[in-house]
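Engineer: Protein chains in written order, with this note's numbering: chain Y, 1 to 264; chain L, 1 to 172.
If you are wondering where the hints come from, they were derived from the structure by calculation, not from laboratory data. Misleading hints may appear alongside valid ones.
[As the list claims (entries may be wrong)] Straight-line C-alpha distance at most 20 Å; calculated SDA-like pairs for lysine to any residue:
1) Y/83 - L/148
2) Y/84 - L/13
3) L/38 - Y/74
4) Y/84 - L/46
5) Y/81 - L/93
6) L/42 - Y/76
7) L/42 - Y/79
8) L/38 - L/13
9) Y/81 - L/9
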Amino acid sequence: MTQQDQTDLALDPDLMAYIDGGLPPDQMAEIEARLARDPDAREAVAQWRHFDNLLHQYGRTADEMPSSLKIASLERELGRKLKKRQWRATLLGPGLQRFAASVVLFAAGWGAHSLYESGMSLTTESHPYFVAPTLAGHSVVTLASYQSTEFKGDQMSEALEWMSEQMQHKIESPKLERLGYQVESSRLMTVQGQPVAVFYYRNPEDELVTVSMTPRDASQPDYRLRVTEAAENKLAYWSSNSLHYVVVAKTDTASLTTLAAAVE
Amino acid sequence: MSLKTELHSHIGSLRRYALVLTRDPVAADDLVQETLVKAIAKADTFQPGSDLRPWLFRILHNTFVSDLRRAKTRAEAAAEMPEPVSTECQDTRLELKQVLAALDQLPEAQRMPIILISLREMNYAEAARTLDVPLGTFMSRLGRGREALRKIVQGVGVGKLAILKRKGGGEQ
Numbered sequence: 001m002t003q004q005d006q007t008d009l010a011l012d013p014d015l016m017a018y019i020d021g022g023l024p025p026d027q028m029a030e031i032e033a034r035l036a037r038d039p040d041a042r043e044a045v046a047q048w049r050h051f052d053n054l055l056h057q058y059g060r061t062a063d064e065m066p067s068s069l070k071i072a073s074l075e076r077e078l079g080r081k082l083k084k085r086q087w088r089a090t091l092l093g094p095g096l097q098r099f100a101a102s103v104v105l106f107a108a109g110w111g112a113h114s115l116y117e118s119g120m121s122l123t124t125e126s127h128p129y130f131v132a133p134t135l136a137g138h139s140v141v142t143l144a145s146y147q148s149t150e151f152k153g154d155q156m157s158e159a160l161e162w163m164s165e166q167m168q169h170k171i172e173s174p175k176l177e178r179l180g181y182q183v184e185s186s187r188l189m190t191v192q193g194q195p196v197a198v199f200y201y202r203n204p205e206d207e208l209v210t211v212s213m214t215p216r217d218a219s220q221p222d223y224r225l226r227v228t229e230a231a232e233n234k235l236a237y238w239s240s241n242s243l244h245y246v247v248v249a250k251t252d253t254a255s256l257t258t259l260a261a262a263v264e
Numbered sequence: 001m002s003l004k005t006e007l008h009s010h011i012g013s014l015r016r017y018a019l020v021l022t023r024d025p026v027a028a029d030d031l032v033q034e035t036l037v038k039a040i041a042k043a044d045t046f047q048p049g050s051d052l053r054p055w056l057f058r059i060l061h062n063t064f065v066s067d068l069r070r071a072k073t074r075a076e077a078a079a080e081m082p083e084p085v086s087t088e089c090q091d092t093r094l095e096l097k098q099v100l101a102a103l104d105q106l107p108e109a110q111r112m113p114i115i116l117i118s119l120r121e122m123n124y125a126e127a128a129r130t131l132d133v134p135l136g137t138f139m140s141r142l143g144r145g146r147e148a149l150r151k152i153v154q155g156v157g158v159g160k161l162a163i164l165k166r167k168g169g170g171e172q
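Please work from the sequences and hints to get the whole structure.
Structural biologist: What follows is the structure, encoded as structure tokens:
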């Protein structure tokens, strides 16, 4: 084999992938058949692989090195920074911008209009301020299935942790799973300067339930559970010592009361 | 996998990479620390959803390349590998020394792909991204580097290996 042949051999991506275990079995067999016919190539490949193994084993000896407190501390700090970065990107991402635009359009336009036409207004004095965005958000999700989400269902623990931090109040999962619902997404909105955490749940029958929580200031009224209607939906709202709650669903009063009881 | 778990697993990978680059555990940990400090400072440039590992490896790689002091550390540390306990280990150690010495003779552009792939932490595309070169360039450097490494080791030959073995024996 000439020097040129050997260089050509080294530029064969299939041979490299063979050494690095990146070929499917049928291609592996092809290469092995080729190597069986070419002793020079076989020797070159064996040596490349051997050197690769030596370097790999040497790298693994790092696992025996004592752990470093300084590295562990930097690792934690980097983890915190990256998590913050993740949240910020999610908040400023196109998904949330589309969502916010949809809510504004809904509240300001067709959605508010339809509610007004049906005898309900988002700004009516009969509902406290934290009800309107929940109702709007519920209808937006119902009507706009293409919406991307702020936190996906499988990010619930991260969502709760982040929302609690933003709201400066620990909030718990609405726990509607025990009623057969699965969390689909969640997001944080700001209404009149107040954070409102909104959770979207759906059951196997494709019924949507929207739950929201917002911190309650001691100076604010303490709302007792009230169930009312809004267009095709029913909504329940009430206050605890530290939070206001809203639950919206297209269901009957008894079911909504059960949902409300499960939330708190 | 949570971000915390993912990051922790990458730290182990970074230490392996750093050890092969520096050939010295203390210098390796220094390099990882320096990498993490830079990563913390650059955290806002990381694109969530993209792969964290090539991002961290790229920072470590650039830190190493730009830090010329490490060349000296590497040269001094090359002879300070752990003592072998068996004849088989002795042979492996000598071979490893030979390969590391040959690796040092390669240009940086060929050495880095060989080291990155030997760690078995990432595929070719990720490794190419880490080194900030197109995949085709990466593959060509990897192939040429492997062949050049083989030629250098072969050039050392049986005679040189025997001398190294005798030296190795004399150090016991």
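Engineer: Hint by hint, say whether it matches the structure.
Structural biologist: Against the structure, the hints come out as follows:
1. Y/83 - L/148: The hint is violated at about 43 Å.
2. Y/84 - L/13: violated, 23 Å
3. L/38 - Y/74: Roughly 10 Å between the alpha carbons, so the hint for residue 38 of chain L and residue 74 of chain Y holds.
4. Y/84 - L/46: holds, 11 Å
5. Y/81 - L/93: violated, 41 Å
6. L/42 - Y/76: Within the cut-off at roughly 15 Å; holds.
7. L/42 - Y/79: It holds: about 12 Å lies between the C-alpha atoms, which stays within 20 Å.
8. L/38 - L/13: holds, 17 Å
9. Y/81 - L/9: holds, 17 Å
When the structure is compared with the earlier hints, violations turn up for hints 1, 2, 5 and for no others.
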